[in-house]
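Visitor: Residues per chain, in single letters:
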Amino acid sequence: MKRIKLYRLILVACLLGYAWFGYVLNQSDSAPASELNVCMIKNVLHIPCPACGSTRSVIALWNGHLIDSIFINPFGLIISLILLVAPLWIIFDFLRKKESFYHIYRKSEIVIRRKQYSIPLIALVIGNWIWNIYKHL
Amino acid sequence: MDSQKVDMFIMTNGKYFESHHVMQIRDRLLQIEDSKWGMIQTLQFKDPTISLIVSLLAGSLGIDRFMIGDTGLGVGKLLTCGGLGIWAIIDWFMIMGATREKNMIKIQQFLQ
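Keeping their order, the protein sequence lines are chains A and B.
Numbering-wise (the working numbering), the first sequence opens with residue 1 and increments by one.
Numbering-wise (the working numbering), the second sequence opens with residue 138 and increments by one.
Just to be clear, a hint being listed does not mean it is correct.
As the list claims (entries may be wrong) - Beta-carbon label-pair distances, calculated as ranges: (1) A/68 / B/247: 49 to 59 Å; (2) B/175 / A/108: 29 to 39 Å; (3) B/141 / A/16: 45 to 55 Å; (4) B/164 / A/134: 53 to 63 Å; (5) A/68 / B/229: 18 to 28 Å; (6) A/16 / B/200: 16 to 26 Å; (7) B/169 / A/97: 47 to 57 Å; (8) B/141 / A/37: 53 to 63 Å.
What the hints assert, rightly or not - Simulated pairs of lysine-lysine, DSS-like, Cα-Cα distance not exceeding 30 Å: (9) A/98 / B/183; (10) B/243 / A/107; (11) B/152 / B/183; (12) A/115 / B/243; (13) B/173 / B/239.
For the record, the hints were derived by calculation from the structure and aren't laboratory data.
Heads up, the beta-carbon is just placed ideally off N, CA and C, and yes, glycines get one too.
Kindly produce the complete structure, drawing on both the sequences and the hints.
Guide: The structure is reproduced here in structure tokens:
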């Protein structure tokens, strides 16, 4: 994937992410976030997916409840980190006319594909999924 | 390379590439030397139909993207529950083209 295409995709995704959290926060009085259900797996199979609860987790983290956020879904921490860091990094790259984010992205893609990293990561995701099902998210 | 060999390759593997790339691949294969034939013949390409099936069944988990080698986008789909389901649906229509593009990138490395 080309650099500009990747940057555009990530910026649009982050913008949609912020829009989603803004929408959920505005809705939270009339309909709690737990009732907003956009997850296909949960709607079809009636079991939570590995990412279920990440909206609640991110909102808990932004309200300063770090432990609650980890207990809801640890994915929330990763999503918050990406939402905060990626747009700033991309803007920094544009201003300095560098490609540091793109290089790190490509390098991490190659590293993640190695078996010694991919197998533990897959195990963690499956473990998190089982935990989500156990928690009835 | 011998045109008979090239046409055989195109007949067997044409379905793995975008139609507008097929003629380009054919022309390039005709130009390269015979010694590369063995290597090109053994190349394994990803089947677009298989990626579509995976996308329909496990698109929300990003497995389709992991499968074609877009690890970063796969992680993105996994973390966001298939982009709140919207990205997963868009990928039902995009994944076959994306797989063919990946196959093109793969063969291009050998055609240079």
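Visitor: Evaluate each hint against the coordinates.
Guide: Structure-based check of all given hints:
1. A/68 / B/247: 49 to 59 Å: Cβ of residue 68 of chain A to Cβ of residue 247 of chain B: about 52 Å, so the range 49 to 59 Å holds.
2. B/175 / A/108: 29 to 39 Å: holds (34 Å)
3. B/141 / A/16: 45 to 55 Å: holds (51 Å)
4. B/164 / A/134: 53 to 63 Å: holds (57 Å)
5. A/68 / B/229: 18 to 28 Å: violated (35 Å)
6. A/16 / B/200: 16 to 26 Å: holds (22 Å)
7. B/169 / A/97: 47 to 57 Å: Roughly 37 Å apart at Cβ, these two residues miss the hinted range, so it is violated.
8. B/141 / A/37: 53 to 63 Å: holds (58 Å)
9. A/98 / B/183: violated (33 Å)
10. B/243 / A/107: holds (18 Å)
11. B/152 / B/183: Holds: residue 152 of chain B and residue 183 of chain B sit about 10 Å apart, inside 30 Å.
12. A/115 / B/243: holds (21 Å)
13. B/173 / B/239: Cα-Cα ~20 Å, so holds.
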